[in-house]
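Assemble chain D onto chain Z, guided by the hints.
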Amino acid sequence: MTDVRADAFDAAPARQSERERVEAENRQLAEERKKIARDGPKLKGEKLAARLDLAWRRPRGIIGWLATVDHKEIGRRYIITALGFFVLGGIMALLMRLQLAQPDSNLIGAERYNQLFTMHGSTMMFLFAVPVMEGVAVYIIPLMLGTRSTAFPRLNAFSYYMYLFGGLMLWGAFVLNIAPDVGWFAYTPLSGPQFSPGKRADVWAQMITFTEVAALAAAVVLTSTILKCRAPGMTLARMPLFAWAMLVVAVMIIFSMPSVALCSGMLISDRLVGTNFYNAAEHGDALLWQHLFWFFGHPEVYIIFLPATGFVSVMVETFCRRPVFGHAVVVLALISTGILAFGLWVHHMFATGLPRVGYSFYTAASMSVSIPTGLQIFCWLATIWDGRPRFQVPMLYVVGFIVTFVIGGLTGVMVAAVPLDLQLHDTYFVVAHFHYVLIGGAVFPLLGIFTYWFPKITGRMMNDTVGKVSFWLVFVGFHLTFFPMHLSGLLGMPRRVYTYPAGLGLEVPNLLSTLGTFILAAAVVLFVVNGLISLYRGVIAGPNPWGAASLEWATSSPPPVYNFEHIPVVESDTPLWDVEGELPVVTGLRVDEKEILLTTVVAAAPDLREPVPAASLWPLIGAMAVGIVFVASIFSPWALVFGLVPCGIAFAAWFWPKELKRNPEPVIS
Amino acid sequence: MTRRATAILPLLLGACSYQHYQSAFGNAAVEDSQFLILFTIFLVVCVVMYVLVMGFMLLGFLRSRGAAEANVVETGRHHHSHPLMRTALIGWTALIGVGLAALAIASFFTDRSMAKAATGEKLSITLTANQWWWDVQYNSSDASKTLRTANELHLPVGVPVRITLASNDVIHSFWVPSLAGKQDLIPGRESDITIVPKRTGIFRGQCAEFCGAQHAHMALVVNVDSYPDFIKWWDHQLQPAAAPTNPVTLAGYEYVTTGPCGACHNIGGTPASGTVAPDLTHLASRRSIAAGTLPMSEGNLYGWVEDPQSLKPGVKMPTIGLEPGQLHAVVAYLETLK
Chain Z
649 MTDVRADAFD
659 AAPARQSERE
669 RVEAENRQLA
679 EERKKIARDG
689 PKLKGEKLAA
699 RLDLAWRRPR
709 GIIGWLATVD
719 HKEIGRRYII
729 TALGFFVLGG
739 IMALLMRLQL
749 AQPDSNLIGA
759 ERYNQLFTMH
769 GSTMMFLFAV
779 PVMEGVAVYI
789 IPLMLGTRST
799 AFPRLNAFSY
809 YMYLFGGLML
819 WGAFVLNIAP
829 DVGWFAYTPL
839 SGPQFSPGKR
849 ADVWAQMITF
859 TEVAALAAAV
869 VLTSTILKCR
879 APGMTLARMP
889 LFAWAMLVVA
899 VMIIFSMPSV
909 ALCSGMLISD
919 RLVGTNFYNA
929 AEHGDALLWQ
939 HLFWFFGHPE
949 VYIIFLPATG
959 FVSVMVETFC
969 RRPVFGHAVV
979 VLALISTGIL
989 AFGLWVHHMF
999 ATGLPRVGYS
1009 FYTAASMSVS
1019 IPTGLQIFCW
1029 LATIWDGRPR
1039 FQVPMLYVVG
1049 FIVTFVIGGL
1059 TGVMVAAVPL
1069 DLQLHDTYFV
1079 VAHFHYVLIG
1089 GAVFPLLGIF
1099 TYWFPKITGR
1109 MMNDTVGKVS
1119 FWLVFVGFHL
1129 TFFPMHLSGL
1139 LGMPRRVYTY
1149 PAGLGLEVPN
1159 LLSTLGTFIL
1169 AAAVVLFVVN
1179 GLISLYRGVI
1189 AGPNPWGAAS
1199 LEWATSSPPP
1209 VYNFEHIPVV
1219 ESDTPLWDVE
1229 GELPVVTGLR
1239 VDEKEILLTT
1249 VVAAAPDLRE
1259 PVPAASLWPL
1269 IGAMAVGIVF
1279 VASIFSPWAL
1289 VFGLVPCGIA
1299 FAAWFWPKEL
1309 KRNPEPVIS
Chain D
14 MTRRATAILP
24 LLLGACSYQH
34 YQSAFGNAAV
44 EDSQFLILFT
54 IFLVVCVVMY
64 VLVMGFMLLG
74 FLRSRGAAEA
84 NVVETGRHHH
94 SHPLMRTALI
104 GWTALIGVGL
114 AALAIASFFT
124 DRSMAKAATG
134 EKLSITLTAN
144 QWWWDVQYNS
154 SDASKTLRTA
164 NELHLPVGVP
174 VRITLASNDV
184 IHSFWVPSLA
194 GKQDLIPGRE
204 SDITIVPKRT
214 GIFRGQCAEF
224 CGAQHAHMAL
234 VVNVDSYPDF
244 IKWWDHQLQP
254 AAAPTNPVTL
264 AGYEYVTTGP
274 CGACHNIGGT
284 PASGTVAPDL
294 THLASRRSIA
304 AGTLPMSEGN
314 LYGWVEDPQS
324 LKPGVKMPTI
334 GLEPGQLHAV
344 VAYLETLK
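Chains Z and D supply the protein sequences, listed in that same order.
Plus 648 on top of the position in the first sequence (first one is 1) and you've got this note's numbering.
Plus 13 on top of the position in the second sequence (first one is 1) and you've got this note's numbering.
Among the hints, a few may not be true.
[As the list claims (entries may be wrong)] Residues from chain Z shown here face chain D by an in silico Cβ test under 10 Å; the list is partial: (1) E759; (2) R970; (3) T1000; (4) S1016; (5) L1029.
[As the list claims (entries may be wrong)] Taking CB as the label site, the calculated pair distances span: (6) Z:I826 / D:S126: 43 to 53 Å; (7) Z:P845 / D:V289: 14 to 24 Å; (8) D:I118 / Z:V1187: 50 to 60 Å; (9) D:P331 / Z:F1166: 33 to 43 Å; (10) D:S126 / Z:A1280: 50 to 60 Å; (11) D:G133 / Z:L742: 45 to 55 Å; (12) D:P273 / Z:F1009: 47 to 57 Å; (13) Z:T1248 / D:S126: 49 to 59 Å; (14) Z:I987 / D:I118: 21 to 31 Å; (15) D:P331 / Z:F1283: 25 to 35 Å; (16) Z:F1283 / D:G272: 34 to 44 Å.
Quick caveat, the hints were computed from the structure, so don't treat them as lab data.
C-beta atoms are modelled at their ideal positions from N, C-alpha and C, and glycine is treated no differently.
In isolation and in its complexed conformation, chain D is listed as follows:
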C-alpha cells in the first residue's frame, strides 16, 4: 500500500516527467526508498490534520453566517462555552498527541532500519570536500588498489558502501538526493554515510551547505554500475595516464606536466603530482568538468582551460592566458586522458 503510494506521489506532484537525476523521488537506493515511505506516511497524516483544521474553520463560518449583523458582544462575565467545546479541546489535544507519537515512532524505526540496512559495508570510500570540488579516494586493503579521483563517484549496485566524509576547509554537505539524505563534511571532524544503491543509473549530487562563492557549482556525478562494470572501471582507473601519441598531444603533455598545471593537479604516471586540485589522470572519462559546472566536451574543455574565472568566478584555478597554440595542445592532451 505505502509502496504504491510512494510510486504515485511524484505523479501527484506533477514531477513525473523528469528523470530524477537529482531528486528525492529518485528512489535509487535503500535509504531514499525509506525516506519516500516515511514521507508518504507523514504527508497523509498531515493532510488529514490540515483537512480537519480547515473543516472546523469553514463549519465555524457557515454556522455563524449572518450572525455578524447583530452587533452584540458576549462579555467575559456571562459567557459560557458549550461543555462540548471543552470535550472537543481535550479530544483535539489527544488527537495531536497520538498523531505525533505515531509519527515519532515511525520516524524512529525508519532511522533504525536505515542504520541496519547500512551495516556490513563492502566498499569504503573517503570523500574529502574542498572549496569547491570533491576529492574521492577508493580504499582497499591492497595498497596498490587504492584509487584517487575527483568529482565523480562510481558505486556498484546492491553493495553497501560506506563513505567517510572529511573537509579540508569549510563545512560542506554531501547530498545525492536520489540515493540518500545529506551528511555534513566538517573540518576537524569525521563523519560517514552508508548507501545501498538499488538500481543502476547516473545521478547528480550537490553540496548542500553554503560553502562560499561557488557553492552552487560544487556538484558530483554518481554512476551506479553493475558489479562487474564497477570492477572494470576501478581497474581502468588504476592505470597510469595514457602517453601522448602525436606532436600536438606531446606539446600539451609537456606544458601540463612541466608548466603551472602540474603544481596543483596530479596525473598518474607523469611528473604532474600536485595534490591541491582535482586528479586529472582519467579526466576525459568523466562526465563533467569543474565539479559539475560543465558537461564534458571538447568545447567546454577549451572554455574552461582558457578562462576558468569567467565560467566559475572565484574558483581557485587561475586564468593563465594561454597562447592559442598552447591551449589547443593542452586540450588535445587532456582529451586523451580517458
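Extracted from the complex, chain Z is given alone in its bound form:
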C-alpha cells in the first residue's frame, strides 16, 4: 500500500533533492516495517496472547463499553436486546390471548387490543426475529470463518445502536400511549393521514426506518465478512452452511429493504407533507403500498427462516457425527429459496381482485418454494439416517423443528392455492400457518442454537435436564396454542378481531389457545432462568464441548478478544474432525495493531492484510444524530433539513482522516 503512494510521489514533478528525500524516507519506512511485531514461530503462546490482548482490548470503563467495535460484544448486545424485545412481544401475546379466552370479552377493549397486536407483530418481526439472527451471526460468523473481526466493525456498532434506538422509540411511544395501532403491515389508507390522525402511524413508519438502516448496515457487514474474511483454504465450497445461509440472507436484506424504505418513506411523506401516493381520491393508489410492502415483506419471512435452516444444518452435523448429506444441494436450496422469495409477494394479495391469470403464476411460484425447502429437509433426514444421532437438547429442538415446521410448510402450500386462500386469508388459519413457520421454523432452531452456542459465548454449559423440560414445555405449549387456530380460522374467525361472538364454535379452540400460550410462556421463562443460572453455576465447557467440527470450536470458550492466536488454515469441510492435534495456521499478522487477513472471494487464498479500526464513540454519536432526525421528522419535515447539521458533524468526525504523516503501514485509529 505504501508503494502505491511512493509512485504518486515519483510522478509528481519534483526536484532531484525532493526525490532523494522521498527515497530515503521509503527506505526508512521499509526498515521500520521490518521491525513491526508479527505472530509467527518466534512469537507464540502466552507472549503472543499478551501482545494480542493489548492490541485488541478496548479501553476500559463506560466510554470503552460504549465505543466497542468488538463483534462479540456487539453480537451479545444484539442477542440480549432482541431477547428483551421477544419477552415484551410475548407479554403482548399473553394479554391478547387473555382478551380472546372468552367470547364477547371486554377485558382489554378495542383500541388497546389493536395496539397490542400491532406492537406484537412489529416487535416480533422487526425488533426480535431479524435482529436476533443478525446478532447471532455477528457473534459467531467471524469465529466460524476463523478471523479476528467482522469487516467494517464500526458500521457494525452503528447498526446495533440504530436498532436499539428504533426499538426504544417504539416502546417509548407505547409507554407514552402513542403506540401504533394499524397492524404490523399498516395498510394504506388506514395508516394514511385521513384515517389515522395523530402520531401513532408515524411512530410505526419511523421504527421501520430505524430497523431498515440497522439491517442494511448489518447485511453489508456480514456480506463482506463472509466473502472476504474467511480463513485461508475455506473455499466457498467448504464454507459452513450457516455462513452460506447468512450470505444469502444478507444479500436478500440488501435487495428487499429498499422496497420497504420506499413505501414507508412515501407513507411518511403522505402524512407529513400531504403528498397523495396512497390517496385514491387524488389518483394515488391504495394497493401500491401492498405491492411495495410485500415485495419486502415476503423475503422478510425467508430472512428470518433461512438463518434458522443454517442453525439446523449446524446442529444436525454435530449431533449426527457426520457432515450434512448433500452439502452442495443444501447450498443450492438456500440460494434458490432466496431468489424465489422475491417472486411471490402477490400471494398476500389474492383477495384484492388483481387479474386471475397473474394469480396462477404466483400460485406456482409460491408452491415451488417447497421444492428447495423439501430438499433441505431431505438432506437433514438423510444425515440422521446415515449418522449416529445423539439426543442432546439442541438435537431435540431440531426434531421439534422438523415435526412443527413441516406442518407450517404444508399449510403454506394450501394458502398458495387461490381458491383455498380466498377462504383462509386473513383468518386464524393463516395466523396458525405463519406461527408454525416462524416459531416452528425459526424460534425452535434458535432455542436449540442458543443451547448449542451458549458454552462458546459464556464458557459454561446450560443445564441439560432443565433444558429438556423446557423443550417439552415449548413443544406442547406451542402446539396447544397454535393447532386449534387452524380450526378457529376455518370456523370463521378473522384475524385482528378483539372479540368474537359466542355460538360460532370458537369458544373451545380459543380457550385451548390461551391455555397453550401460558404453557409456552412458562417454558420461555424456564429457558431464560436456565440460561441465567447456568451463566454462574453451569459446568465449565472447555473449547469444544459438543465435539463439533467447525472453527468456532477451535478457540477457547469464551473466545479471547482477538478470537484466534494464529489464523487457522482450512483443508476440508469439517476441519476439527479431519485434523489430528493442532490446526495448521498462517502467521505474519501484526500484533501491535489490530489487523485481519483478507482472502480471495472464491478460493480463500490469502490476499491482503487489513487494519481494523479502533474502538470509537462516533458510531454511537452518529446513530444518536440520525435517531434524533428520524424522531424529530415525525413532527416536522424541517427536521430533515436541520438534521443535516448534527448528522454531518457526526459522520465527518467519524470518517475524518487521522494521520497525514506517512506510516510504515497505515493504521486506522
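For chain D alone, kept in the frame of chain Z given last:
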C-alpha cells in the same frame, strides 16, 4: 368419493356440533363446496407427505439407535453416502414436483370452475363498505325497484348473484365463509364477487381486513331465501316506513326525523334522509343492530340508542344523552319500522 370426504371432514375436526352459521364448512353455496373439495384434496396430499417425512425421520432414529455411544465422527474426507441415498434424493424431489404440479392443476381448475359457475348473473347488488358498516343496494333496471338497505343481505337460493364491491374509506374485505371466499373492498377500485347459494338459511359474514378500531364489529347477516320469499322481501323493503300510530311512536317519529338522527340516517318516506349512516327504513325487520354488534331486540335497541359508544367504542354514532322519555319514544318508533 371426495364429496363423502367433504362431509366427513368437519366431523374429523370435531366441528360437527355447530350450525356453520359462519364457517368454511357451511357448504351453502357452489363456491364454498368447491373450496371444500379442493381443501380435502390438499389435506389428503399434505397428510401423506407429512407421514412420509415423519416416517423417514423415525426410521432414521430407529436405525441408528445405540450408534451414538460410539463417539465416532465421519469426516468429510472419507465419508461416502450410500448411492441409494442419492437416488432417494432425486425420487423425493420428483415426488414433491409431481405432487405440487397435481395440486397446482387442481387449484387452477377449481378456480376456473368457480368462474364458470358464476357467469350468467341474475341479480346485481352493490355493496359499499364504511367504517364499520355495510351499505347495500339492490340494483334493478327499473329505477323504482332499486332498493337501499344496510348490514343485511337477502339472496335467492340457486340464483347467481353478482356483488359489486366498493369502499368509502379504508380497505375492507367481504367474507361470508359459509358461502364463498373473501374479496377486498378497496377505495378507488371496483371489484366484484359472484355467489350461487345452494341452500336456504341464515349465515353471518364479517369484515376480514383490519379496518380500524371496530373491525371486530363489522358483520353482516346473509339470509338465503327461496325465490318467492326473496321477491316478497324485496317488495316489502321497497315500501316506505310505517307511519306512527300512537302518541309515543309519534313523539319518537318527531324526534328521529327532525332531531339529530335524520342528519345521518335515511328513513324512506320521512324527512330523515341522511346518507352517511345505515338506512333505517325497515330496521326492525333485520336480525341485528349496528352491523352485527347486537341481536335485534327491544332491550338492545334501548342500549344502543342510549349509548352506542359504550357498546361499540369508536363508532361514528355519537352518544347523544336522550331524556328517558325521548329514549322510550325513539325506541318505540324504531320498533315499528318492520
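How the hints compare with the structure:
1. Interface hint at Z:E759: satisfied, since its Cβ lies 6 Å from the closest Cβ of chain D, which is below the 10 Å cut-off.
2. Of the supplied interface hints, the one on Z:R970 holds, with its beta-carbon coming within about 4 Å of a beta-carbon of chain D, less than 10 Å.
3. The beta carbon of Z:T1000 is positioned within 10 Å of a beta carbon in chain D (closest approach about 5 Å), and the interface hint is therefore held.
4. For Z:S1016, the suggested interface contact is upheld, since its CB lies about 7 Å from the closest CB of chain D, less than 10 Å.
5. Interface hint at Z:L1029: satisfied, since its Cβ lies 5 Å from the closest Cβ of chain D, which is below the 10 Å cut-off.
6. For the hinted restraint 43 to 53 Å between Z:I826 and D:S126, the CB-CB distance of approximately 50 Å keeps it satisfied.
7. Between Z:P845 and D:V289 the Cβ separation comes to about 18 Å, which falls inside the hinted range of 14 to 24 Å.
8. For D:I118 and Z:V1187, the Cβ-Cβ distance of about 56 Å falls inside the hinted range of 50 to 60 Å, so the restraint holds.
9. The hint said 33 to 43 Å for the Cβ distance between D:P331 and Z:F1166, and at roughly 40 Å that hint holds.
10. Taken as a hint, the range 50 to 60 Å holds for the pair D:S126 and Z:A1280, whose Cβ atoms sit roughly 57 Å apart.
11. The hinted window of 45 to 55 Å between D:G133 and Z:L742 holds, with their beta carbons roughly 52 Å apart.
12. Taking 47 to 57 Å as the suggested C-beta distance range, the pair D:P273 and Z:F1009 conforms, at roughly 53 Å.
13. At about 57 Å, the CB distance of Z:T1248 to D:S126 agrees with the hint of 49 to 59 Å.
14. The hinted window of 21 to 31 Å between Z:I987 and D:I118 holds, with their beta carbons roughly 24 Å apart.
15. Distance hint for D:P331 and Z:F1283: a CB-CB separation of about 30 Å, consistent with the stated range 25 to 35 Å.
16. Between Z:F1283 and D:G272 the beta carbons are some 41 Å apart, a value that agrees with the proposed interval 34 to 44 Å.
Violated hints are absent here; each numbered hint is respected by the structure.
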